[in-house]
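Take the two lone chains, each set in its own frame, and fit them into one complex as the hints suggest.
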Amino acid sequence: DTGVSQDPRHKITKRGQNVTFRCDPISEHNRLYWYRQTLGQGPEFLTYFQNEAQLEKSRLLSDRFSAERPKGSFSTLEIQRTEQGDSAMYLCASSLAPGQHGANVLTFGAGSRLTVL
Amino acid sequence: QQQVKQSPQSLIVQKGGISIINCAYENTAFDYFPWYQQFPGKGPALLIAIRPDVSEKKEGRFTISFNKSAKQFSLHIMDSQPGDSATYFCAALRPSGSARQLTFGSGTQLTVLP
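Chains A and B, in that order, are what the protein sequence lines are. For the first sequence, our numbering gives the first residue as 3, with consecutive numbering after it. For the second sequence, our numbering gives the first residue as 60, with consecutive numbering after it.
Only chain B is shown next, with the shape it has when bound in the complex (with noise of 0.2 Å):
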């Protein structure tokens, strides 16, 4: 069962854009939501999270937006740059008896055009 699921499940921006990732979930347990970013051979890497009781952080060009009534969340970067090209992850955190389990969406392959 996918709890998190993810789209686009590729992306292709000019230098400049704006890229936007959106993920849904299911679960109401999850109680964060983290993204990572993953460049190929590396393991994936926290690039900014939230907490469902606010509905936009913003780190930089990174913003993530949450709706929590519609259980979806989207991660935004703005200005983009080559160097953004990579996969991206959403995913969610939940309590899992005595353990925090994370749950990764599908992935979105972000490629940023010079």
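Next up, chain A with everything else stripped away, as it sits in the complex (with noise of 0.2 Å):
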């Protein structure tokens, strides 16, 4: 296992459309985190799971976006009708579940860079 993978890395859309963002956690991992980033800003909390349930959405995470990770292992962030504002990196995250040795420590992916024209 070679960390957390992100895909794609880098997307590019026209405003309105849609786009779909993919992570792979950490195998061993049971929490899975969204984040995003602008620039020039440290990452903010948007979505988290717990296995497959998500247990808690920022109120940055606005109607247009969802979030599904459907068999507790890779997961999924989809923006409907993309607007500019929504561009910046998407940042997932992995860590082991509460009580478990290394809990407190979140590992990064090189995030997903979304530019929306």
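Simulated from the structure, these hints should not be mistaken for laboratory data. Some clues are possibly wrong.
Straight-line C-alpha distance at most 25 Å; calculated DMTMM-like pairs for lysine to aspartate or glutamate [stated by the list, open to error]:
#1 K101(B) <-> D88(A)
#2 K13(A) <-> E70(A)
#3 K130(B) <-> D112(B)
#4 K101(B) <-> D65(A)
#5 K130(B) <-> E46(A)
#6 K74(B) <-> D112(B)
#7 K101(B) <-> E70(A)
#8 K64(B) <-> E46(A)
#9 K64(B) <-> D90(B)
#10 K64(B) <-> D112(B)
#11 K59(A) <-> E70(A)
#12 K64(B) <-> E58(A)
#13 K59(A) <-> D26(A)
#14 K16(A) <-> D88(A)
#15 K73(A) <-> D26(A)
#16 K117(B) <-> D143(B)
#17 K59(A) <-> D90(B)
#18 K101(B) <-> E30(A)
#19 K64(B) <-> D88(A)
#20 K130(B) <-> E85(B)
#21 K127(B) <-> D90(B)
#22 K127(B) <-> E85(B)
#23 K59(A) <-> E85(B)
#24 K74(B) <-> E115(B)
#25 K59(A) <-> E30(A)
#26 K101(B) <-> D9(A)
#27 K101(B) <-> E80(A)
#28 K101(B) <-> D26(A)
#29 K13(A) <-> E30(A)
Not everything, but these chain A residues come out facing chain B in the computed CB check (under 10 Å) [to be verified]:
#30 P10
#31 L63
#32 G111
Residues on chain A that point at chain B, a partial pick, calculated with CB under 7 Å [what the hints assert, rightly or not]:
#33 L93
#34 N106
#35 V107
#36 L108
Being a predicted model, the structure only gives us computed values, none of them experimental. Each residue gets a CB set at the ideal place from its N, CA and C atoms; glycine is no exception.
If you want it as structure tokens, here you go:
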């Protein structure tokens, strides 16, 4: 296992189009997180899953955003009707569950950079 | 609401010098304070972390100093090297319902001159 993988690394789309990002976490990690990072800023929490259950969503996650983790392994983040303000790096991270040694450590992927024209 | 404030925004240090990055937090519920290092085109990677019951933690050239009463913590990079040039983020972890949510500072872009 080489870490958290994200695909695609870069996506350029026109305003109004839908985009989907995929994240493959570290296999033994049952928690998966999505963050958004804009230029010159720190990552901002969007949502997280424990196994297949989506347990928390930030108010940053508008109705146009949906995330899934259908089998508790990989996750997808879909943005519908993209807007220019959605342009950002979308980061996925994974971790062990609470109570496990190292559960506080989030391992991030390299991110998927979205540019909305 | 920015719960973790980080300064400076950018820092230039000569090779061999000491780099110091400062963070302040507001929420006393935070109970774990990691620092992440991010290189261009990469995701953030954990560098070092501290719990609030400890005032200092050192790992190699990296040291976190923690002041619980002031709600401040800082990262010191001793003998800074050009390879340390990256963006550094402080962060704070808190329980949030059933989750543990990581809140990041705005980042410090460190440049170490050869």
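Next on the checklist: For K101(B) and D9(A), compute the direct alpha-carbon distance and say whether it is at most 25 Å.
Outcome noted: Given that 25 Å is the threshold and the Cα spacing comes to 13 Å, the pair holds.
Item to check | Pair hint K74(B) and E115(B), alpha-carbon separation not exceeding 25 Å | outcome: It holds: about 24 Å lies between the C-alpha atoms, which stays within 25 Å.
Checklist entry - Taking 25 Å as the top limit, are the C-alpha atoms of K101(B) and E30(A) close enough? => result The given pair, whose Cα atoms are some 22 Å apart, holds under the 25 Å limit.
Checklist entry - Is K64(B) within 25 Å of E46(A), Cα to Cα? => result holds, 14 Å
Checklist entry - Is K127(B) close enough to E85(B), meaning Cα to Cα at most 25 Å? => result holds, 11 Å
Item to check | Distance restraint between K59(A) and E30(A), which requires alpha-carbon spacing of 25 Å or less | outcome: The given pair, whose Cα atoms are some 23 Å apart, holds under the 25 Å limit.
Checklist entry - Between K117(B) and D143(B), does the CA-CA distance stay at or below 25 Å? => result Holds, at roughly 16 Å.
Checklist entry - Given the proposed pairing of K74(B) with D112(B), does the C-alpha separation stay at or below 25 Å? => result Between K74(B) and D112(B) the Cα gap is close to 33 Å, so the pair fails against 25 Å, i.e. violated.
Checklist entry - Does D88(A) lie within 25 Å of K101(B) when you go C-alpha to C-alpha? => result holds, 20 Å
Next on the checklist: A closest beta-carbon separation below 10 Å is what the hint needs, so does L63(A) meet it against chain B?
Outcome noted: Since the shortest Cβ distance to chain B is 13 Å, the answer is violated.
Next on the checklist: Just to be careful, I want the Cα atoms of K101(B) and E80(A) compared with a cutoff of 25 Å; is the pair within it?
Outcome noted: holds, 21 Å
Checklist entry - Given the hinted pair K64(B) and D112(B), is their alpha-carbon gap at most 25 Å? => result holds, 21 Å
Hint violations for this structure: numbers 4, 6, 29, 30, 31, all remaining hints satisfied.
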